Structures are given as C-alpha cells and as structure tokens.
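**Q** Residues per chain are reported as follows:
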Amino acid sequence: MTAVIEFFTRRQGKKKLSLVDWVSYGFLFLGFLIIFLPVLWLIMNSVKSQFLLQKYDTNFLPLDYERVARATAYGPEGKEIMIIKDLPSWAMFWKDLNEDERAEKDLDNLLSNYSGNEYYALRTHFELVSGAAKELIIERNLPEWLIKYPSMFPSAKKEYDPESIVNQLDPEETRLLSEYLGLKPYKPNGFTSQILISMIDPETSEVVEYSVSRIDPNRDIVNARLISNPQAGIVKLPVNEIILNKRLKPSWINYTDPLTKNVLGSFDAVRCLNNSLFVTIVATLITLLINSMAAFALSKYRFNGQIIFFVIILATLMVPASVLIVGIFKMVTMTGLSGSLWGVIIPGAATPTGVFMLRQYMLTIPDELLEAARMDAASEWTIYWRIIFPLALPAIVVLGILSIIWRWNDLILPMIAVSTTKAAYTIQLCLLDFNGEFIAREHYGLAMTVVSLVPTTLVFVFLQKYITTGIASTGIK
Amino acid sequence: MANLKLLDIKKSYGKTEVVHGVDLEVLDGEFCVLVGPSGCGKSTLLRMIAGLEAITAGSILIDDVEVNNISAAKRGLAMVFQSYALYPHMTVRQNLAFGLENLKLDKADIDQRIIKAANQLRMEDYLKRKPGQLSGGQRQRVAIGRAIVREPSIYLFDEPLSNLDAELRVATRVELKALHARLGNTMVYVTHDQIEAMTMADKIVVMHDGIIEQTGTPLDLYNKPSNLFVAGFIGSPKMNFLECSSLPESIKKLAPKGSSTFGVRPEHLTIKEENSIPLKVKNVEQLGSDSYLYGETIEGQDLSIKLNIQTEIKSKQSVNVGFKASDMHWFDENGMSL
Amino acid sequence: MVDNFLNINNWYLFSFFYLLIGFVLSRDVYGLMPRLMSTLGWPIEFTQKVFGTKSLPYLFLFPNILIFGLFTFLPLFMNFGFSVTDGTSINFENRDFSGLDNLARITQEVQIDTGGENVEDDKFKAAMADTFVFVILQVPIMILIALFTSIVLNREIIGRGFWRAIFFYPVMLSPVVVAFLWTLILKRQGLLSQTLIDWNWISEPIQWLIDPSWTMFWSIFVYTWAHTGFYMLILLAGLQSIPRDLYEAAQMDGTSESRVFWRITLPLLMPILLVVTVLSLIKAVQAFEELYALQVGWISLVSYIVENAGIRGQKTFFGLGIAAMASLIVASILIVLSLLQFYLTRRQVKL
Numbered sequence: 003m004t005a006v007i008e009f010f011t012r013r014q015g016k017k018k019l020s021l022v023d024w025v026s027y028g029f030l031f032l033g034f035l036i037i038f039l040p041v042l043w044l045i046m047n048s049v050k051s052q053f054l055l056q057k058y059d060t061n062f063l064p065l066d067y068e069r070v071a072r073a074t075a076y077g078p079e080g081k082e083i084m085i086i087k088d089l090p091s092w093a094m095f096w097k098d099l100n101e102d103e104r105a106e107k108d109l110d111n112l113l114s115n116y117s118g119n120e121y122y123a124l125r126t127h128f129e130l131v132s133g134a135a136k137e138l139i140i141e142r143n144l145p146e147w148l149i150k151y152p153s154m155f156p157s158a159k160k161e162y163d164p165e166s167i168v169n170q171l172d173p174e175e176t177r178l179l180s181e182y183l184g185l186k187p188y189k190p191n192g193f194t195s196q197i198l199i200s201m202i203d204p205e206t207s208e209v210v211e212y213s214v215s216r217i218d219p220n221r222d223i224v225n226a227r228l229i230s231n232p233q234a235g236i237v238k239l240p241v242n243e244i245i246l247n248k249r250l251k252p253s254w255i256n257y258t259d260p261l262t263k264n265v266l267g268s269f270d271a272v273r274c275l276n277n278s279l280f281v282t283i284v285a286t287l288i289t290l291l292i293n294s295m296a297a298f299a300l301s302k303y304r305f306n307g308q309i310i311f312f313v314i315i316l317a318t319l320m321v322p323a324s325v326l327i328v329g330i331f332k333m334v335t336m337t338g339l340s341g342s343l344w345g346v347i348i349p350g351a352a353t354p355t356g357v358f359m360l361r362q363y364m365l366t367i368p369d370e371l372l373e374a375a376r377m378d379a380a381s382e383w384t385i386y387w388r389i390i391f392p393l394a395l396p397a398i399v400v401l402g403i404l405s406i407i408w409r410w411n412d413l414i415l416p417m418i419a420v421s422t423t424k425a426a427y428t429i430q431l432c433l434l435d436f437n438g439e440f441i442a443r444e445h446y447g448l449a450m451t452v453v454s455l456v457p458t459t460l461v462f463v464f465l466q467k468y469i470t471t472g473i474a475s476t477g478i479k
Numbered sequence: 014m015a016n017l018k019l020l021d022i023k024k025s026y027g028k029t030e031v032v033h034g035v036d037l038e039v040l041d042g043e044f045c046v047l048v049g050p051s052g053c054g055k056s057t058l059l060r061m062i063a064g065l066e067a068i069t070a071g072s073i074l075i076d077d078v079e080v081n082n083i084s085a086a087k088r089g090l091a092m093v094f095q096s097y098a099l100y101p102h103m104t105v106r107q108n109l110a111f112g113l114e115n116l117k118l119d120k121a122d123i124d125q126r127i128i129k130a131a132n133q134l135r136m137e138d139y140l141k142r143k144p145g146q147l148s149g150g151q152r153q154r155v156a157i158g159r160a161i162v163r164e165p166s167i168y169l170f171d172e173p174l175s176n177l178d179a180e181l182r183v184a185t186r187v188e189l190k191a192l193h194a195r196l197g198n199t200m201v202y203v204t205h206d207q208i209e210a211m212t213m214a215d216k217i218v219v220m221h222d223g224i225i226e227q228t229g230t231p232l233d234l235y236n237k238p239s240n241l242f243v244a245g246f247i248g249s250p251k252m253n254f255l256e257c258s259s260l261p262e263s264i265k266k267l268a269p270k271g272s273s274t275f276g277v278r279p280e281h282l283t284i285k286e287e288n289s290i291p292l293k294v295k296n297v298e299q300l301g302s303d304s305y306l307y308g309e310t311i312e313g314q315d316l317s318i319k320l321n322i323q324t325e326i327k328s329k330q331s332v333n334v335g336f337k338a339s340d341m342h343w344f345d346e347n348g349m350s351l
Numbered sequence: 044m045v046d047n048f049l050n051i052n053n054w055y056l057f058s059f060f061y062l063l064i065g066f067v068l069s070r071d072v073y074g075l076m077p078r079l080m081s082t083l084g085w086p087i088e089f090t091q092k093v094f095g096t097k098s099l100p101y102l103f104l105f106p107n108i109l110i111f112g113l114f115t116f117l118p119l120f121m122n123f124g125f126s127v128t129d130g131t132s133i134n135f136e137n138r139d140f141s142g143l144d145n146l147a148r149i150t151q152e153v154q155i156d157t158g159g160e161n162v163e164d165d166k167f168k169a170a171m172a173d174t175f176v177f178v179i180l181q182v183p184i185m186i187l188i189a190l191f192t193s194i195v196l197n198r199e200i201i202g203r204g205f206w207r208a209i210f211f212y213p214v215m216l217s218p219v220v221v222a223f224l225w226t227l228i229l230k231r232q233g234l235l236s237q238t239l240i241d242w243n244w245i246s247e248p249i250q251w252l253i254d255p256s257w258t259m260f261w262s263i264f265v266y267t268w269a270h271t272g273f274y275m276l277i278l279l280a281g282l283q284s285i286p287r288d289l290y291e292a293a294q295m296d297g298t299s300e301s302r303v304f305w306r307i308t309l310p311l312l313m314p315i316l317l318v319v320t321v322l323s324l325i326k327a328v329q330a331f332e333e334l335y336a337l338q339v340g341w342i343s344l345v346s347y348i349v350e351n352a353g354i355r356g357q358k359t360f361f362g363l364g365i366a367a368m369a370s371l372i373v374a375s376i377l378i379v380l381s382l383l384q385f386y387l388t389r390r391q392v393k394l
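Chains as they are written, first to last, in this note's numbering: chain A, 3 to 479; chain B, 14 to 351; chain C, 44 to 394.
Only part of the chain B face toward chain A is listed, based on derived beta-carbon distances under 10 Å:
hint	residue
1	R60
2	A86
3	R88
4	L90
5	P101
6	M103
7	L113
8	N115
9	L116
10	R159
11	A160
Hints were generated in silico from the structure; no laboratory data involved.
The structure displayed is predicted, hence computed values, not measured ones.
The C-beta atom is built at its ideal place from N, Cα and C for all residues, glycine as well.
Model the full structure from these sequences, guided by the hints.
**A** Structure (structure tokens):
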C-alpha cells in the first residue's frame with residue numbers, strides 16, 4: 003500500500019509533494035466532483051424507470067425495487083386485498099401509457115391468466131369495465147338510460163331503479179354492470195404498485211415476503227403486508243431487519259421508445275435529431291466555404307476597401323444575435339426562411355470568428371505558392387480551392403469543429419426561425435419544450451437529453467486537441 | 014522557342030520608382046543572367062516578365078507580340094522560384110500535373126510529359142512523395158521539372174540555387190547548363206552571385222539601382238567593364254581601385270586624359286621591381302594552389318594580390334607589385350570606363 | 044414595403060438555376076471534386092475570364108458580406124424601425140410611428156398611454172438591476188475561479204491533460220442540457236432538497252431556482268459552472284506563453300513562490316486577464332439561454348427582450364417596440380464593451 007502511495011506521489015527527481023501540491027490536487031478533485039457528478043447524475047437518472055423518477059429516488063444507480071401490485075376488489079363477500087406478483091411492468095404502469103402504446107399490448111392474453119377477484123381488479127385497472135358494460139347493455143337491449151346513469155346527478159339517479167334490471171342477469175353480468183353503475187356492494191376496484199421486501203422470520207428462520215407502499219428513511223419501521231396472506235392486515239416491521247430486493251435495472255425503454263416510436267406526442271425525437279444533424283452538417287459546410295472565401299480575399303489580395311471590409315466583419319462581433327432578435331426575426335420572415343431549417347442555417351453561416359481565424363492562418367501561407375499556381379495557369383478559383391483551402395486545413399478543421407458545436411448547441415436562432423413550426427424543431431428546441439410540457443414523461447426527456455449530449459461529447463473526446471488549440475489561439479468561442 | 018524584348022520598362026510602387034526604364038533583348042535560345050546586388054530590381058524585372066507584377070510603363074514583347082496585358086497564365090512561360098514554391102500538400106506527380114490540368118490537357122498527354130521530365134531529371138523514385146519528404150536538391154529538381162513539363166517558350170529562374178549548399182550548388186549549375194544545352198530554350202535567370210552569372214550565362218545583364226549597367230558576354234564584362242560598378246561587381250576577388258593622384262609617377266604617366274580612378278584585378282598583379290607600386294603586406298593567406306596578399310600602399314590605400322603560386326612572403330614585409338599595361342583599367346570622375 | 048419578398052420556393056428555384064448554370068459551364072471539367080467546385084464557383088471563374096482579376100476579391104467576400112448584411116446589419120436597422128413604431132405586426136406598413144414612446148414605456152413611472160401607474164418600467168428596471176447584480180457578481184467570481192484553476196493546471200500536475208479536459212467539458216454542453224442537468228438537482232424534489240431533508244438539515248424542500256433568496260445564487264453558480272472552462276483555457280494558454288527562463292531566473296535569485304506570482308506571473312498575465320474579463324462581461328450581459336431553460340425566478344435583459352418580442356408566445360401591442368428599444372439599449376452596452384475589447388486586443392489584429 004505504501005508502495006502504491008509512493009508511486010502516485012513520486013515526482014521526477016524532486017522531493018515529495020508539498021502542501022501547495024496537496025491543495026492543488028484537492029482543488030482539482032473538488033472541481034472534478036462538482037463538474038462530473040451532475041453529469042453522471044443526469045446519465046444515471048436517464049436510465050431510471052418512470053416509477054423511480056416519480057418517487058424522487060435519490061439512489062445514484064438505477065436500482066429498482068422488485069414490484070408487486072396491491073389490488074383491492076369489492077364484492078358481495080366484502081373487500082378483498084390481493085397482492086399480484088409477476089405482472090409485466092407495462093401492465094403495472096398502464097395508466098401512464100398513451101393510446102398507441104396501449105393498442106400494441108396483448109391485454110386479452112394477460113387477462114386470461116387471471117380469474118376471480120384478481121381478474122376483476124385488473125379489469126378495472128385496465129379501464130375495461132365501461133366498454134364491456136356498454137356492450138352488454140346494447141347486446142341485451144337493456145334500457146339506454148343505463149349508459150348515462152354513472153354520470154347522472156344523485157337527484158336524477160333517484161328516478162331510476164337499476165338494481166331491478168341488474169338482478170335479472172347472470173352473476174358475471176351482474177357484477178360487470180354493477181361495477182359500471184356503481185351499485186352496492188360493488189365499488190371501483192383499487193390497484194397500486196408497491197415494493198416487494200422480504201424478512202427472515204425470527205422464529206422459523208424462513209424468508210417471508212411482504213409488500214410495502216414506501217420506505218421512509220426517517221422512520222424506523224415500515225408498514226408491510228404479508229404477501230402470502232394479504233388479508234391479515236398491516237404489520238409493522240423494523241427497517242433495519244428488512245431485506246430490500248433491489249436490483250440494478252436500467253430502464254432502456256427510456257431510450258428505445260422515443261427513438262423507435264412516437265411516444266412524445268407532437269415531439270418526434272428522431273425528427274428533431276435529424277433536423278439538428280442536417281442543420282449542423284449543412285451549416286458547417288456552408289460556413290467553411292464562405293468564411294474561407296472571405297478570409298482568402300482579405301489575406302491574399304490587395305484591393306480598395308480591404309480594411310473597411312475587415313472592420314465590418316469584425317464589427318459584427320459586437321452585435322450578437324441575442325440583441326438582434328426582433329430584427330433577425332423580421333429579416334427571416336422577409337426572406338421567406340421562417341419556419342424552414344434554412345432559416346436556422348443561413349443567418350448564422352457567416353461568422354466573424356471564422357473569417358478572422360482563417361485569415362490569420364492564411365497570412366502564414368507563402369505568396370510564392372500562389373504565384374507558382376498563377377504561372378501554372380490556375381484560375382483564382384482554382385487557386386482558392388486547390389491551394390489555399392487544403393493548406394489552411396489545420397485552421398479549417400478547428401473552425402469546422404467549433405461550428406459543429408455551435409450549431410448543435412444553438413438555441414437562439416432556432417427560437418427565432420422555427421418556433422412556430424414543430425416539424426422544423428431542432429433537438430435543443432425539442433428538449434426545451436418537451437421538458438416544459440410533459441413533466442410526467444421525464445424519463446423520456448432525460449434520455450433524449452443524454453442522446454443530445456452524444457455528438458458533442460464524441461467530438462470533444464476525439465478532437466479535444468483542435469478545440470483547445472483553436473480557442474487558446476484566437477480567444478473566441 | 015522565343016525571343017524576348019523589353020522596351021523602356023518602368024515600375025513604381027506608389028511614388029517610389031524601383032525600375033527606371035530598362036531596355037533589353039534576349040535572343041532565341043539565349044541563356045541570359047540578370048545579376049546585381051539585392052534590391053537592384055532584377056527580381057522585380059523577372060516578375061514583370063512573368064506577368065506576376067504589372068508594369069508601370071514600357072512594353073514587354075515575346076516573339077514580337079506585346080504581352081503587357083496578358084495574364085501570367087497565358088504568356089506561356091514557366092518560372093522556378095527561389096523557395097521552389099512546391100505545393101506542400103501534393104505529391105511530386107501532382108505538383109507536376111497541376112499546371113497541365115489547368116491547361117486542360119488530356120490525361121495521357123499529362124502522364125507522358127511527367128514521365129519524360131522525370132526521366133530527364135532522374136526523379137522517378139520520388140514521384141509519389143510529398144515535397145516535405147524530399148532533400149533540398151530533390152526539391153530543386155521537382156521545381157525545375159514543374160517548369161519543364163509545361164514546355165514553355167521561355168524559362169524564368171529566380172535565384173534557384175540560393176537555398177542549396179555550396180557543393181550542390183556547383184553540381185546543379187553544371188546540370189542547369191547541360192539542361193539548357195539539351196532543351197535549347199530561351200532562359201532568363203536572376204541571381205546575385207556573379208560566379209553563377211559568369212559560369213552559366215551566354216549574356217549577362219548587370220543591374221544596379223533599377224537600371225542596366227552593362228550587357229554583354231561574361232568575358233566582355235570581365236575584360237571591358239564599362240564602369241566602376243561593373244568592374245567591382247564582376248570578378249572575385251574584387252578589382253583593386255586606386256585614386257590616380259596617389260599613383261607613382263611611372264604609372265601616372267600612362268593614364269589617359271580625364272582619369273580619376275585606376276583599377277587592376279588582384280590576379281593580374283605580380284611581384285616585380287620595375288614599373289611598380291611599393292606595398293607593405295599586412296596579411297597573407299595561403300590556399301595551397303593560390304596565395305592572397307593584403308597590403309597597403311604608402312598613401313594608405315588597400316590593395317589585394319592573388320598569386321597562383323605558393324609564396325615565401327610574410328606579413329609586415331615590404332614588396333613591389335607590378336602589372337602588364339593591358340591589364341590596366343581607367344575610369345573618369347563619373348566612374349565611366351575610359 | 045413588401046413583407047415577404049422571397050419565399051422558400053424562390054430560394055430553391057434560385058439555387059437550382061445557380062447550380063444548373065454552373066453544371067453546364069463546368070462540362071469540360073473532369074473528376075468529381077473539380078466538377079463540384081467548378082459548379083459552385085462559376086461566377087468567379089466566369090468573371091475572371093471576362094473581366095479579369097480586378098473584381099475577384101469582392102466576389103470572394105460577397106456571400107459572407109451578403110449574409111452579414113441581411114442578418115446582422117439590416118436587423119440592426121430593423122431594430123431601430125421597431126423601436127420607434129407601435130403595433131403587433133412585424134410589417135412596417137401596419138405599424139404607427141410613435142417616436143420615443145417605447146423608451147418612455149420602459150423607463151417612465153407614468154404610463155404614457157393610460158396616464159396611470161406604469162408596470163412595464165418596473166419590469167425593465169428590475170431586469171436591468173438584476174442583470175447588473177448578476178454581471179457584477181458572476182464575472183469576478185468566474186474569473187477568480189478560472190484564474191485559480193489555470194494556475195493550478197500550470198503547475199507540474201500529474202495528468203494535466205485529463206484535468207484540463209474535465210474542467211473544459213461543461214463548455215461543450217448546450218445551455219439547454221446545462222439547465223436540465225441542474226434542474227434535476229435543484230428542482231423542488233431534486234437531489235439537493237431530498238438529500239438535505241434526509242440529513243435533517245431542512246424540513247421542507249426548497250425551490251432553489253425560484254425562491255427569491257436563492258435564485259440569484261444558483262443562477263450565478265450554474266452559469267459559472269458552464270463557462271469557467273472556456274476562460275480557464277485562455278488564461279492557461281496565457282500562462283504557458285510566459286517564458287520559462289523568467290521563472291528560472293527568479294528561482295536562481297531565491298524568490299519566494301508568492302513573490303513570483305505577484306511580481307512575475309500576474310503582471311505578465313494582466314493583458315490577457317483584462318481581455319478575458321471584458322469578454323466575460325460581454326457574455327454575462329447577454330446571459331439568457333441557461334437562465335431561460337432553468338426557469339429562474341428573475342428575468343435577465345435578453346430574457347426580457349425575448350419575452351416581449353413574443354417569438355414564442357402571444358404578441359402584445361407594444362411588445363415588439365419595447366423589445367426593440369430594450370435591444371438597442373443592450374446593444375449599446377455591448378458595443379461599448381466590445382470597443383474596449385478591441386482596444387485591448389488591437390495588437391493581435393494585424394490589419
């Protein structure tokens with residue numbers, strides 16, 4: 003162990019770490035935590051299930067509890083509390099699915115495994131009662147007022163006598179219709195998702211399973227219900243003796259759902275990503291082309307007004323898009339680019355930073371090369387793209403990378419140009435609106451946020467050298 | 014094959030005139046060297062011929078056709094630059110092909126020309142390499158090759174040897190001369206080195222401060238310099254100049270009327286008693302084949318002597334130096350030869 | 044004035060003909076890349092052939108200057124136009140000239156249209172004051188942290204590249220992502236409140252981003268978190284450009300480390316430190332995207348502009364004019380700061 007410490011604290015031909023060194027490393031490590039932990043927290047949360055997120059889970063890892071359903075059914079025999087294990091998670095969170103998602107699930111097949119009170123509770127949970135009841139009323143030619151009965155005012159209900167009709171039917175039908183109409187002794191059946199825990203019975207040393215609704219870390223006991231006999235009522239268990247059946251269970255559907263089907267309503271994550279990709283690639287190509295052309299003119303020619311042009315280009319640094327919002331909005335509308343991705347691409351294609359950076363680099367390319375090319379009968383356009391452009395490539399790569407980052411992360415231009423057209427939303431705009439509107443679908447939003455990080459992070463990891471040299475040499479982001 | 018005529022060429026940058034009316038005729042197939050100290054306007058003149066600089070006044074004729082307003086690309090010339098100006102991002106082959114592609118020659122023709130040039134200059138081995146991977150001499154060849162494949166009417170060279178080391182410079186000089194003999198094209202060559210000029214030129218043009226001082230064959234310039242500047246510039250070591258007033262009477266009487274300066278080349282001086290100038294030797298350099306003596310006349314004027322023998326003379330010794338009458342040069346007050 | 048002199052189809056049509064002409068003119072060019080480039084650059088090739096080289100630099104500059112003209116300089120004039128007119132329309136035909144009314148609307152106590160009490164000026168002044176507080180606190184804090192980090196990273200540190208990358212990484216994140224990252228921690232039921240409750244430090248969750256006593260702190264914190272890396276990098280480059288032998292000479296003289304810092308490092312770094320400070324002032328005055336996405340409990344100047352401009356919401360009758368007037372005020376602040384920056388960096392720009 004000491005050898006390991008020595009290895010890390012050794013310094014080439016120098017004495018051991020001084021106090022200043024320790025403070026330095028301490029500072030760096032603190033910075034590392036402050037910067038990296040939030041990012042990691044985002045990534046970890048993005049694979050937590052919707053259930054965990056809604057429970058404000060503070061575990062770092064996506065540790066999911068094994069879950070069971072606690073169902074209650076009301077019938078002539080009174081109230082029965084049941085624990086249903088082994089339900090698929092989509093069934094557990096049926097209420098959170100939208101219509102398309104529901105349509106895909108094979109409910110009948112699932113329900114065929116259950117009978118009796120479990121079946122009734124699930125039937126209510128899946129919201130099948132009213133449909134089936136209405137069907138029954140029509141099929142049996144029962145009076146039509148029955149359909150409206152559940153939504154009537156109590157005073158209006160008094161005029162009807164549904165019980166007499168219900169009692170003529172067979173028991174299954176009676177039950178269905180009574181549940182629909184809300185007749186005693188039937189009440190709407192309950193269904194909630196609970197956490198499965200286990201505890202070793204002190205007497206028998208057997209593992210006994212319980213279900214609990216929540217575990218409050220500030221209290222010493224949990225209220226639990228025995229799974230083998232749910233009717234037995236609540237028992238109080240000491241927190242420190244229970245065994246939580248936590249499992250690492252990343253919820254990959256957070257990613258796969260938005261990327262493979264439309265689960266975000268009017269926000270199509272794939273389309274947003276494609277839009278952003280299109281804007282980023284096309285805008286970067288245009289930026290590189292026109293900025294290098296301008297830089298070529300400014301660095302390799304002598305002409306009237308050269309300095310004026312250069313100053314004009316640098317002056318645009320002074321008035322960024324954020325203070326020209328109204329004017330740019332007007333111009334984007336006037337030029338007919340509003341609502342089109344081109345409205346995002348074109349206004350930002352000419353960058354003063356790029357022209358300045360490329361010009362400074364092109365000044366270092368010897369003029370003799372251009373003269374040699376002129377002797378070689380090259381036209382000026384040929385000189386530009388066959389000599390100057392390839393030779394300025396180091397600077398062009400830096401600008402290209404910066405442009406990719408600017409474009410992918412940009413929010414202001416998309417806000418100005420395509421706010422009114424959902425079809426042209428970029429990923430940033432999508433995330434902004436989505437996270438504002440669908441708090442209940444946070445799991446998808448978080449996953450898409452992480453997806454939006456991928457391109458810039460990849461660029462950063464592999465091309466970091468170019469970015470840092472680019473910024474360090476020009477001092478412009 | 015082409016001849017070149019310059020008629021009263023002038024060039025100004027803003028208000029400063031750097032070339033003050035140059036007239037020159039380069040004959041078909043001639044190897045013409047423009048020589049002069051740096052800043053004399055020789056490179057500017059070459060670049061004007063090339064079409065890289067606009068001329069302020071006068072006209073340039075190639076094969077008796079005025080090309081003043083024809084762009085560099087269309088004059089049909091090729092130029093070898095001092096820095097070679099090879100395109101660093103292209104291979105040697107691409108460097109050679111670039112100009113031909115711009116002329117829209119067909120591919121087979123381009124390949125054929127490159128192979129021929131590569132053969133001539135022995136650079137087949139590195140056609141696929143980039144200039145950065147070549148030695149100085151190899152780069153030089155590629156630069157010449159790039160001119161050759163163009164098959165120009167006139168070749169222009171802008172100090173092409175100045176980036177080479179001494180040994181390679183001599184070898185390349187010989188090669189260039191051989192190339193000229195083989196191609197037979199008109200060549201205009203700019204250098205500040207009079208040895209290059211003397212060894213390579215059919216015709217030397219000495220330039221100084223934007224004007225031509227003298228034009229002629231190398232030996233013409235050496236034997237009959239038309240003025241002090243040319244006399245001092247051509248020949249190594251430099252010609253000795255003495256003021257006429259300081260000469261011994263025996264020599265002074267030989268001077269033509271109006272003489273102000275007397276000149277004699279160091280290699281034409283010998284140690285002898287009669288008809289001579291007394292000299293105090295300050296320094297002696299022994300090179301084996303030759304010996305150089307540096308001394309001072311009684312009047313305190315410097316004089317150097319080149320002897321093509323090994324000598325016993327030591328410094329601080331006094332000697333008398335003499336010369337043949339045919340080796341004397343006389344110049345008037347304006348520096349013009351008499 | 045025509046409201047829509049072009050539409051997107053005209054753009055497509057124009058581009059199509061541009062490329063078609065180029066494609067035809069470049070018919071004798073062989074090879075994919077040469078053909079493509081000739082197709083793109085035909086106006087320049089054509090001009091050189093017909094008119095010579097004199098006008099070529101202007102053609103090379105043209106696309107860039109055109110875009111600057113259309114989307115930077117014309118918008119600036121439009122801003123002037125909007126700031127002295129009233130109406131919901133962005134079409135100047137439907138806007139009434141109103142002089143400096145908009146300035147009065149955001150600065151005067153009395154509402155000039157109704158004669159009653161003015162609420163708009165309170166909002167604008169609050170935005171000015173809050174932004175001022177934000178800038179005054181955020182910039183020095185960030186510069187100090189960036190300076191300290193760069194000095195630490197300039198030492199003989201193991202894994203310097205790794206640490207530098209870590210500190211720089213937040214700069215790569217989009218403002219929206221930065222905002223979500225921190226919303227996840229700072230929202231009512233976020234990690235911070237939950238953890239503090241678990242530790243029994245607080246009993247009720249706190250709305251860190253909205254709570255008036257916390258919102259400015261967290262705005263500054265998140266903004267600093269996101270941008271420090273950028274300035275750290277510039278300062279680090281500045282530190283590394285200080286010649287080594289100065290330090291070695293100081294070492295030979297036995298100068299103490301703190302003295303080396305105050306007498307050598309800091310004075311030599313001062314020019315870059317100044318530039319970085321002005322640059323971060325310029326950025327902080329424009330702070331908007333992160334704060335907007337964080338939904339913080341105060342409104343920055345640019346948020347004020349965005350909200351009034353009605354780009355993402357309902358347009359109000361005076362909104363556009365007010366937004367334009369506020370833009371001009373912010374723009375003039377930025378221009379002053381930028382001129383200061385140009386003055387400080389004038390040596391880097393060879394004209």
